[in-house]
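Visitor: Let chain A serve as the given structure and place chain B on it in line with the hints.
These protein sequences, in sequence, are chains A and B.
Reading the first sequence from the start, the letters are residues 1 to 106 in the working numbering.
Reading the second sequence from the start, the letters are residues 1 to 174 in the working numbering.
Be aware that one or more of the hints could be misleading.
Each computed SDA-like pair below joins lysine to any residue, with the alpha-carbon atoms no more than 20 Å apart [said to hold, decoys possible]: (1) B:Lys-137 / B:Leu-72; (2) B:Lys-119 / A:Gly-7; (3) B:Lys-137 / B:Leu-59; (4) B:Lys-130 / A:Tyr-53; (5) B:Lys-130 / A:Tyr-57; (6) B:Lys-106 / A:Ala-26; (7) B:Lys-106 / A:Ala-16; (8) B:Lys-137 / A:His-59; (9) B:Lys-137 / B:Ala-150; (10) B:Lys-130 / B:Leu-19; (11) B:Lys-106 / A:Ala-23; (12) B:Lys-130 / B:Ser-64; (13) B:Lys-137 / A:Ile-65; (14) B:Lys-119 / A:Phe-19; (15) B:Lys-106 / A:Ile-27; (16) B:Lys-130 / B:Leu-15; (17) B:Lys-137 / B:Val-71.
Stretch by stretch, here's where chain B covers chain A in the computed footprint (C-beta under 8 Å, at least three residues) [as the list claims (entries may be wrong)]: (18) 8-14; (19) 27-35; (20) 49-55; (21) 62-69; (22) 80-89.
For the record, the hints were derived by calculation from the structure and aren't laboratory data.
Idealized CB from N, CA, C, for every residue including glycine.
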Amino acid sequence: MTGGAIGPMHFVWVAALIFGIGAVGAIARRSALMILMSVELMLNAANLVFVAYAKQYGHAGGHAIAFVVMAVAAAEAAVGLAILIGIFRTRQTADVDELDALRDET
Amino acid sequence: MNDASFLARAGLDSLGGWLFYVAAAGAVASALAVVLSRSPLRAALWLIATLLCVALLYLGLDASFVAAMQVLVYAGAIMVLFIFVIMLLNLGPEGIVRPAYLSVAKALGAVAAAYFTFKVIASVAGGAGKPIDGSVKAIGTLLLTDYLFAFEAVSVLLLTAVVGAIVLGLRRLT
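Excised from the complex, chain A in its bound form:
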């Protein structure tokens, strides 16, 4: 990034916006799949913050951590989608509101 008024902190603002959108989506959507996708949005926002601060302070460690976060996101997606398929095979629904087997009956 050369010249102009665009610095790493501008990227942090964008990341904050994306994280907020993802958080609202994870809370407001019913489908487990949509919740997983919203979580991916939030992980991406966190990654963007890591990379932006790496640029701010001139240390490439943020890039290495971003790589680790991507691996965690891949593991989360694999296991989460496997659980989703398992639930769908027995309950025929992906709606988290109907998955209340562990909820207290009272």
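Guide: Just chain B now, with coordinates in the frame of chain A:
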């Protein structure tokens, strides 16, 4: 104030500035589309657009390795998994998005979160940042020296995730 100085103040006098504004607007708009679209398949396609825009933002931050991994791992592998599951389960559009039960506590919590986020980000002095080497060689060296433990932990995590996904896929959950 003439047009040129306004453009310079907004950072629109350079290619990097334009790249930032276009990619940021695209990322935020497609993230909104992900959350708001009713069809899971459309949401997944919008999510791919978001990931590509974020990859452009990484390029603007001199993070070429992370940008490449974003396109390969996220847009390439993870989203294929998502779309595969959407097609497999044949998920149609869900009904209405759950209405948000607004309360004073939730509104206050959202305002407080926004305020503290603002304070935290504004507390860091801006500026153009420092030059940084985001090449594959530099990040690879870091991963195998300073961040060796994180690298090994990730390999164990991925192995665990593969085993867990296979076990979950084999058995019927009861």
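Visitor: Hint by hint, note whether the structure agrees.
Guide: Cross-check of the supplied hints:
Distance hint between Lys-137 of chain B and Leu-72 of chain B is fulfilled; the C-alpha atoms sit about 18 Å from each other, no more than 20 Å. Using a Cα cut-off of 20 Å, the hinted pair Lys-119 of chain B and Gly-7 of chain A holds, with the two alpha carbons roughly 17 Å apart. Straight-line distance between C-alpha atoms of Lys-137 of chain B and Leu-59 of chain B comes to about 16 Å, which keeps the hinted pair within the 20 Å bound. Taking the CA atoms of Lys-130 of chain B and Tyr-53 of chain A, the gap is about 10 Å. The hint holds against a cut of 20 Å.
For the suggested pair Lys-130 of chain B and Tyr-57 of chain A, the alpha carbons sit about 6 Å apart, so the restraint of at most 20 Å is met. Annotation: proposed proximity of Lys-106 of chain B to Ala-26 of chain A holds, straight-line Cα distance about 15 Å (limit 20 Å). In summary, the hint linking Lys-106 of chain B to Ala-16 of chain A is supported, as the alpha carbons are separated by about 19 Å, within the 20 Å threshold. Note on Lys-137 of chain B and His-59 of chain A: the hinted pairing holds, with a Cα-Cα distance of about 14 Å set against a maximum of 20 Å.
Taken as a hint, the Lys-137 of chain B and Ala-150 of chain B pair is honoured in the structure, with Cα atoms around 18 Å apart against an allowance of 20 Å. Note on Lys-130 of chain B and Leu-19 of chain B: the hinted pairing holds, with a Cα-Cα distance of about 19 Å set against a maximum of 20 Å. For the hint pairing Lys-106 of chain B with Ala-23 of chain A, the CA-to-CA distance comes to about 13 Å; that is within 20 Å, so the pair holds. Under the criterion of a C-alpha separation no larger than 20 Å, the hint pairing Lys-130 of chain B with Ser-64 of chain B is consistent with the structure, at around 16 Å.
For the proposed pair Lys-137 of chain B and Ile-65 of chain A, the alpha carbon gap of about 15 Å is at most 20 Å, so the pair holds. Taking the CA atoms of Lys-119 of chain B and Phe-19 of chain A, the gap is near 16 Å; set against the 20 Å cutoff, the hint holds. Distance hint between Lys-106 of chain B and Ile-27 of chain A is fulfilled; the C-alpha atoms sit about 12 Å from each other, no more than 20 Å. Only pairs whose Cα atoms come within 20 Å are accepted, and Lys-130 of chain B paired with Leu-15 of chain B is accepted, the gap being roughly 18 Å.
The hinted pair formed by Lys-137 of chain B and Val-71 of chain B meets the criterion: a straight-line CA distance of about 18 Å does not exceed 20 Å. With a cut-off of 8 Å between beta carbons, the segment 8-14 of chain A has 7 residues touching chain B; three or more are needed, and the interface restraint holds. Under the rule that three or more residues need a Cβ within less than 8 Å of chain B, the assignment of the segment 27-35 of chain A holds, with 7 such residues. Remark: the segment 49-55 of chain A is confirmed as covered by chain B, as 4 of its residues place a Cβ nearer than 8 Å to a Cβ of that chain, reaching the required three.
Only residues whose C-beta sits within less than 8 Å of a C-beta in chain B count toward coverage, and the segment 62-69 of chain A has 6 of them, enough to reach three; the restraint holds. Check result for the segment 80-89 of chain A against chain B: holds, 9 residues qualifying (beta carbon to beta carbon below 8 Å, three or more required).
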